[in-house]
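A.B. asks: The residues making up each chain are set out below.
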Amino acid sequence: MNQPPKPRIKPWNDPRIRAWVAQILALVFVIWLAATLFSNTLQNMERRSIQTGFDFLSRTAGFGISFSLIPYSETDTYGRTFFVGLLNTILVSGLGIVTATILGFVAGIARLSSNWLVARIAEVYVEIFRNIPLLLQIFFWYFAVLQALPVPRQAFRIHDLFFLSKRGLNMPSPVAGPGMEWVTILFLVGLVATLLIGRWARKRREETGQGFPFWRTALGLVVVLPLALFALLGAPLSWDVPHLRGFNFVGGATLLPELVALWFALTIYTGTFIAEIVRSGIQAVSHGQTEAAAALGLKRGQVTRLVVLPQALRVIIPPLTSQYLNLTKNSSLATAIGYPDLVNVFMGTTLNQTGQAVEVVAMTMGVYLTLSLTISAVMNGYNRRVALKER
Amino acid sequence: MKASHLVVGFGALATVAMAAAPASAATLDTVKSRGQLVCGVNNSLPGFSAPDEKGQWSGLDVDYCKAMAAAIFGDPSKVKYVPLTAKERLTALQTGEIDVLARNTTWTMSRDASLGLNFVGVNYYDGQGFLVKKSLGVKAGKELNGASVCVQSGTTTELNLADYFRTHKMTYQSVVFDTSDQTLQGFESDRCDVLTSDQSQLYGLRSKLPDPSKAVVLPDVISKEPLGPVVRQGDEQWFDIARWTLFAMLNLEEAGVTSKNLGEMLKTTNPDVKRLLGTDGEFGKQLGITNDFGAQIAKAVGNYGESFERNVGEGSPLKIARGLNALWTNGGLMYGPPIR
Ligand SMILES: N[C@@H](CCC(=O)N[C@@H](CS)C(=O)NCC(=O)O)C(=O)O
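Residue numbers (our numbering), protein chains in the order written: chain A, 1 to 391; chain B, 1001 to 1340.
Hints may be right or wrong, so weigh each one.
Derived coverage of chain A by chain B (criterion: at least 3 residues anywhere in the stretch with Cβ under 8 Å from a Cβ of chain B; other residues may be distant) [to be verified]:
hint, segment
1, 38-50
2, 243-249
Covered, in the sense of this in silico footprint (three residues per stretch, anywhere, with C-beta under 8 Å from a C-beta of chain A), are these stretches of chain B [said to hold, decoys possible]:
hint, segment
3, 1065-1075
4, 1155-1169
To give an idea of the chain A side of the interface with chain B (calculated C-beta under 10 Å), a few residues [said to hold, decoys possible]:
hint, residue
5, Val192
6, Gly209
7, Gln210
It should be emphasised that the hints constitute simulated quantities derived from the structure, not laboratory data.
In this text, a Cβ means the ideal position worked out from N, Cα and C, and glycines have one as well.
Using the sequences provided together with the hints, build the complete structure.
C.D. replies: Laid out in structure tokens, this is it:
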């Protein structure tokens, strides 16, 4: 890659430097504008005896939250309600992104299936659920799920371990005994080792053509070894099994109906858009590729998996990213059915109890901005990896 | 994509910032030149504020808005009603979207002290209670250990609930909804064992259930909920108009002036009544409104007792007894300072 030596130009005439300077000036201006707005607002509010500042974050919240991934009680602070809400938002968005991707890919590929029935089913799914407002779907799943399930006293039960009722799915939760942390560590080490070995084995196969018993090694490292240690330590794990007491189940873990409904709705709604993206991505791959692959003797599944999808991904990933962003932002509809996400807990109850709208809204906006930028960054990174490498 | 996110973000901040611009001209002047009072009310709360099929608003809180319009314009119809959820209401007042808030809002110290707002007084003494499915066989609040509770976001209700269960060493699970319709639907579909809200609303909510006889209101009252109108801090004149509108309604009842006997009362020689109805003295003028504002209120909505009976009392489906809301002369807490 020998480029001719560039003619020397004065820095103030260099278009690249100029562009950078312009960018930096613009950024400084935007930051200055935001800071001025913010401090002006706070001053104005102070003049009107509205409390301002972030002191409220260390005051006692005093309200309950139905579901939290970190320990939380009414005596914790407003600051902690922020993290409870944040984690709940990340939880439902993360779950939604995984399942919507799976559903979307399956439906997108199915739409192009040569099996008439499969293709029609996928089409009907996409056309129906893409065209019903998400909020309606959330309500539908929530109240449909609630209607269908029994009250706690008549819960569906599986061996008195799992209970399904209007209060959600109650299930046993593991309680770690002494030594369990070692088993966990060994498992994680095994997982990392497996990944590394996998890479190495693949590289070796590509270079030398030598095979490697990868699956057996993986099984040993991830399953057998940790299990052996687990047994050696005398199975240091017990289960906290839920049981009915009074109105509700106590003990164990609970999957709330609000979470399930929101997760379902987000998955099914976003899945339709992803299906369309996948379909158009596949159709963008020239037909010659499929024919060439078939001519080489690849099976149908292999053609899709090894030839079509990798090329389609390049078209799929950018719009897929914006679906992920949409899903994350849409998860804030949680508040309609009482799932305690960031908007419900922090921008809802905390904002109202403290009255500090500007601070709370600014923090919430900061979170969604950060989440969106993170998703974009990750997806852009992945996109660069799968992008066509021109050689 | 990144750039557009930033733009949206700053746009929103700017909106909030502008919304909090400093308090400007006297509210009374603004209202007069607009020719309308903008009153924040509840979306649909039977007895307090609810629109009928023709879009006509009625209720105890609505009557207060009408009384204020009557005191300012001599015409109770010059009100624009802005329905607000519990979450929206205080911000709407702070930002100047409404002139006065009459939406079953509990007077608490932090709302009064830290939000730049002032509570005008109390137009209904309420307390928080529980609505429970009859099939659970619960007789008192203390038997609710472990229950799931449906509650509305942005209310004092949410906090009292936590306090009550904690002080009684009980656990609960709250399911928090945005509007009272959703809260009720959560209760109806058995997501919760209990619905909690101000007592005055529980009966109204119960009447909306497909089979009201399947739910009971427990006798427990777990909090003090003095509900009253609210205005922005910093405009003393407007605050005084708002508060003397309420006091006038109470004093009308105490003096025995009703919408029906107003004609005779205007001819009375009783000095208290003459000052109240503006046939003597210049009391309204001191506030920048007409001297006969008392009479205008009586003509428009009647006295407090009439408004109470019509909207939440015997003359209404709610049939709530006066209780604490009776005049002090009848063993209640309602008390209007003298006009003199
Ligand atoms: N008085 C309490 C509660 C007021 C309140 O909003 N109550 C709810 C029910 S608990 C309500 O009126 N909902 C009617 C609606 O939003 O339509 C407060 O000021 O926080």
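A.B. asks: Of the numbered hints stated previously, which ones are contradicted by the structure, given in increasing order?
C.D. replies: The structure conflicts with hints 3, 5, 6 and 7, although it agrees with all the remaining ones.
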